[in-house]
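As a plain string of letters, each chain reads:
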Amino acid sequence: MDDLLPEFIAETRETLEALSGEIVAWEADPADRARLDAIFRFVHTVKGSCGFLDLPRLARLSHAAEDALAAVRSGDRQPDTALVNAVLGVVDRIGELVEAIDAGVALDSAADDLLVAALSPDAGVREPEAPAAPAPVEPAPQPQGGRAAARSVRLGVELLDRMMSGMSDMVLARNELARRLREGAPDPRAEAALERLSVTVAEMRDTVTRTRMQKIDALFSALPRMVRDTAAQLAKQVTLVVEGSDVELDREMIEVMRDPLVHIIRNAIDHGVEAPRVRRAAGKREAGRVTVRARQSGNRILVEVSDDGAGIDVDRLIDKARRVGLVDPVRAAAMGEAARLDLIFSPGLSSRDQVSEVSGRGVGMDVVRSNVEAIGGRVTLSNRPGRGLTIIMEVPLTLSILSTIVVGVEGQRFALARQSVEEIVSLRAESVRVDRLGDANVAAVRGQRLPLLWLHEVLSLPRPYSRPQSARLLVIVSTRDGAFALGVDQVIDSEELVVKPAAPPVMACGLYAGQMLPDSGRPMLLLDGAGIAAAAGLRFALSADADAEESQAEARAAVQALLFTDLDGCRRAVPLGAVDRVETVDAGAVRLSGGRARLTVGDALVPLRAVRPPDEGRPVTLLRLTDGQSELAYAIAEPADIVDLPASLAPPAAGSPYAGVAVIGGEPVEVLDLLRVFADEGAVRPTAAAPPERVCLLGPDPSGWTDLFLRQLLEGAGYRCATRLAPGEEAAVALAFDQTDALPAEVPLVRLRREPGGGDGVYRYDRDALLAAVADHMGAECANGRRAAA
Amino acid sequence: MSELFLLAQVAGRGVAIAASQVDSVVDIGEVTAIPCAAPWVRGLAALRSRVVTVVDTAAALGLPLARRGSSGGGGAARAVISLVDGHYYALLMDELEDVGPFERRSMSSGVALTDRWERAAGGWVERDGEPLLVLDPAGLLGGAMDAAA
Chain A
467 MDDLLPEFIA ETRETLEALS GEIVAWEADP ADRARLDAIF RFVHTVKGSC GFLDLPRLAR
527 LSHAAEDALA AVRSGDRQPD TALVNAVLGV VDRIGELVEA IDAGVALDSA ADDLLVAALS
587 PDAGVREPEA PAAPAPVEPA PQPQGGRAAA RSVRLGVELL DRMMSGMSDM VLARNELARR
647 LREGAPDPRA EAALERLSVT VAEMRDTVTR TRMQKIDALF SALPRMVRDT AAQLAKQVTL
707 VVEGSDVELD REMIEVMRDP LVHIIRNAID HGVEAPRVRR AAGKREAGRV TVRARQSGNR
767 ILVEVSDDGA GIDVDRLIDK ARRVGLVDPV RAAAMGEAAR LDLIFSPGLS SRDQVSEVSG
827 RGVGMDVVRS NVEAIGGRVT LSNRPGRGLT IIMEVPLTLS ILSTIVVGVE GQRFALARQS
887 VEEIVSLRAE SVRVDRLGDA NVAAVRGQRL PLLWLHEVLS LPRPYSRPQS ARLLVIVSTR
947 DGAFALGVDQ VIDSEELVVK PAAPPVMACG LYAGQMLPDS GRPMLLLDGA GIAAAAGLRF
1007 ALSADADAEE SQAEARAAVQ ALLFTDLDGC RRAVPLGAVD RVETVDAGAV RLSGGRARLT
1067 VGDALVPLRA VRPPDEGRPV TLLRLTDGQS ELAYAIAEPA DIVDLPASLA PPAAGSPYAG
1127 VAVIGGEPVE VLDLLRVFAD EGAVRPTAAA PPERVCLLGP DPSGWTDLFL RQLLEGAGYR
1187 CATRLAPGEE AAVALAFDQT DALPAEVPLV RLRREPGGGD GVYRYDRDAL LAAVADHMGA
1247 ECANGRRAAA
Chain B
20 MSELFLLAQV AGRGVAIAAS QVDSVVDIGE VTAIPCAAPW VRGLAALRSR VVTVVDTAAA
80 LGLPLARRGS SGGGGAARAV ISLVDGHYYA LLMDELEDVG PFERRSMSSG VALTDRWERA
140 AGGWVERDGE PLLVLDPAGL LGGAMDAAA
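For the protein sequence lines, the chains are A and B, in the order given.
Just so you know, we're using my numbering here: the first sequence kicks off at 467 and counts up by one.
Just so you know, we're using my numbering here: the second sequence kicks off at 20 and counts up by one.
What the hints contain is simulated information worked out from the structure, not anything from laboratory work.
Just so it is clear, CB atoms sit at the ideal spot from N, CA and C, and this is done for glycine as well.
Misleading hints may appear alongside valid ones.
If we take Cβ atoms under 10 Å as the criterion, some of the chain B residues that face chain A in the derived model are [to be verified]:
id, residue
1, V50
2, I53
3, A56
4, A57
5, L63
6, A64
7, V71
8, T72
9, D104
10, H106
11, Y108
12, L132
13, W136
14, R146
15, L160
Sequences are here, hints too, so could you generate the full structure?
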């Protein structure tokens, strides 16, 4: 008996969670028999259990609900709002009572009578002793409320925790064993055994980690009910869409994310979704839509909440921040869009003017952020004014195992969380310079200026006079407020390590986030980037700088290019995407025929381009270029490196065969004009420039031709190109081989043709026609925007 | 009622530690220093697969730092491992003497202990007429941390 009660409580609790979605679905469609059955089964099961557990109050409630639902099932009653609400009330009450039993506290029974009364079709008419409810048909109701029976056992979380920490210890013990074995004389048999052990331990660790995983459904199943209640309270209509509930996540993570998620959704309904009247006026559907989506990306889980409401009114937010004194007017003016939006995370600030019952007390988003960051996650916003807001919470898959970068300074090792390291650059690299600014250090990395801290100074490690400066690398560490460069002697390794909290006297330094025991057997401390910045007194203003850097990063992922020495000795570059391979062929394979150089490959001839004829009788190094369809060879002296192309190229001289000049490693490098190389001769000068907010939308193309070749031509002509429209952007024209769903129907389309000659659309290598077609659609206003320099 | 106590020497004084608070007694080998930590925090050491925080007990009591060869993490030192608030600490001892049952007495009035000793003291026991202070690890660490703050 004593065993049965906790079992009953756990089961009821679990079923209740799964059930809350069913009830809302039932309310939306009272004719849905399957939902009705699920709810009926639940109250029936509760009633049955209460009987032999001797819980009279629960029995009475569940009995009453069962009667009412049975009447609906038999068609004697219609499930109206009053009934649904009454059933919901009873289900809630059952939940409360179960919690009270679990906690061992008493709960006032007065409300029970009201709830039971509310269930009757019309209070008073119904006789107290109703005729026995139709006997339930199923003799043994399924305890799980109709869910597919899985072979499973119920385990205490505490037990799993112990298993997990035992597992961690096992990993460490294995590491120590490996180290001891390395110290002694090599014994192949022992090593083979260790290898086997390692494999088993790794598998075990995976399995144990999985036992701690739970479907995020555990978090999502309660949402429909919550959304329904919140929306009803605010007299709004909201449709909830949930996606990805089968994504799995560490159960601790689920617990930590529960409050932030609830808060964000409430916010979305209260602040985001407008009242039906307002929505109608704005030309939206009356019912707002809130989408909750979970997905896994690498070893991170993304939980995204988006609504189609009003979005954040950034101006009002700024206004409010100014009034509260969070920012001064001067700084507010200098702040970029993202920094302004970030104010929503400031404590004591809400974008709403009135405080409602649901949200808007200004304690919220700051707590959401700190909760999520406490577990190594982050929160990002994407605001579409007038059209909605998306909030993305990104958290690691598990709590305890962290991917780290191990750095060395003065012979001691420290770890940094991989996710906080943006980049590692050598101090000797040409793109890096270090300056003293007053008594502070500043590093400029590819033109971006960052505060610089030397790790040995931060840690007060003595440097011998003989070598005052032995830091050789800069680790760019990003913190929640900003990035800084950390000078270290060496970067040793990257390791997946079990992180454990360090003891309070260690944490008191404020520089460390935890401790770990790597394979070496020497304990190592995990550095806390934000703590280091704080200890060194770095203050990151909500500055325009950080913004500029972000938007640059967003603008376009850097295009990689192959840097090579051409036959005339010049350094040139070609976008890497166009390079199929680099190969060396015998001189005999290159022939002059029909007035042009060609490369013989088997039976086929491939056109060959070269700035000057290759040396006779010597093997030739070739770049084999492809646009996804045709091939072309370009003779070079030798390949040099793979580099990132800068976002902007200096324009070439008129008639130049190059797309532009990039500065790479301090040296000017000509970038091959792919369009020109592939097309036959025929010079077209850029003719028009579009205002930047008008965009050429490039259609999807699996061969990447549009993104690579066409972008180069159009951007060279001063247009802005995108493969996807960012919020607020408007496309003036779309270019694609085919009309697809990816292109908005209202944007005029310029069809591209793969073959020259007659047919629909514009031949893709016809520069004149392409530019003319684009200029056509860009409209007359562009005539004024003609580029002066061209 | 008598309890089991571990008797040890710290900075030339005899102390007693309740056996219930002693997880194990070990020789600490290599210690990883913790830059910027309080001077009485010697560093971290690995004990099998467990990381312990090594505490210079004498320094934690406000006595001058022990000048020993091991201060740089060299030679072995004896330590008492104790679990305080979920973290394992290795309290360095000069010498470990004995284990035996003693009767714990509360501090009698008139014994003036300075602040850190006061916090660290959990009464006293008598061995062959010699009074020994009962060292309470939690109080020792708490006092040292508060003094640092």
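To see whether the hints hold, each was checked on the structure:
Interface restraint check: V50 (chain B) against chain A, minimum CB-CB distance 9 Å, threshold 10 Å, status holds. Because the closest C-beta pair between I53 (chain B) and chain A is about 6 Å apart, less than 10 Å, the hint holds. Annotation: A56 (chain B) was flagged as interfacial toward chain A, and the flag holds, the nearest CB pair being 5 Å apart, inside 10 Å. For the restraint placing A57 (chain B) at the interface with chain A, the shortest Cβ-Cβ distance is roughly 6 Å, inside the 10 Å limit, so the hint holds.
For L63 (chain B), the suggested interface contact is upheld, since its CB lies about 4 Å from the closest CB of chain A, less than 10 Å. With its C-beta approaching chain A no nearer than about 7 Å, A64 (chain B) sits inside the 10 Å limit, and its interface hint holds. A distance limit of 10 Å between C-beta atoms decides the matter here; for V71 (chain B) the minimum to chain A is near 8 Å, and the interface restraint holds. The restraint placing T72 (chain B) at the interface with chain A holds, with a minimum CB-CB distance near 4 Å, inside the 10 Å limit.
For D104 (chain B), the shortest C-beta to C-beta distance to chain A is roughly 7 Å, which falls under 10 Å, so the interface hint holds. The beta carbon of H106 (chain B) comes within 4 Å of a beta carbon in chain A, closer than 10 Å, and the hint placing it at the interface holds. Among the interface hints, the one on Y108 (chain B) holds; its C-beta lies about 7 Å from the nearest C-beta in chain A, closer than the 10 Å criterion. Taking 10 Å as the C-beta cut-off, the interface hint given for L132 (chain B) is violated, the closest approach to chain A being about 22 Å.
Annotation: W136 (chain B) was flagged as interfacial toward chain A, and the flag is violated, the nearest CB pair being 18 Å apart, outside 10 Å. The beta carbon of R146 (chain B) comes no nearer than 31 Å to any beta carbon in chain A, farther than 10 Å, and the hint placing it at the interface is violated. Interface restraint check: L160 (chain B) against chain A, minimum CB-CB distance 7 Å, threshold 10 Å, status holds.
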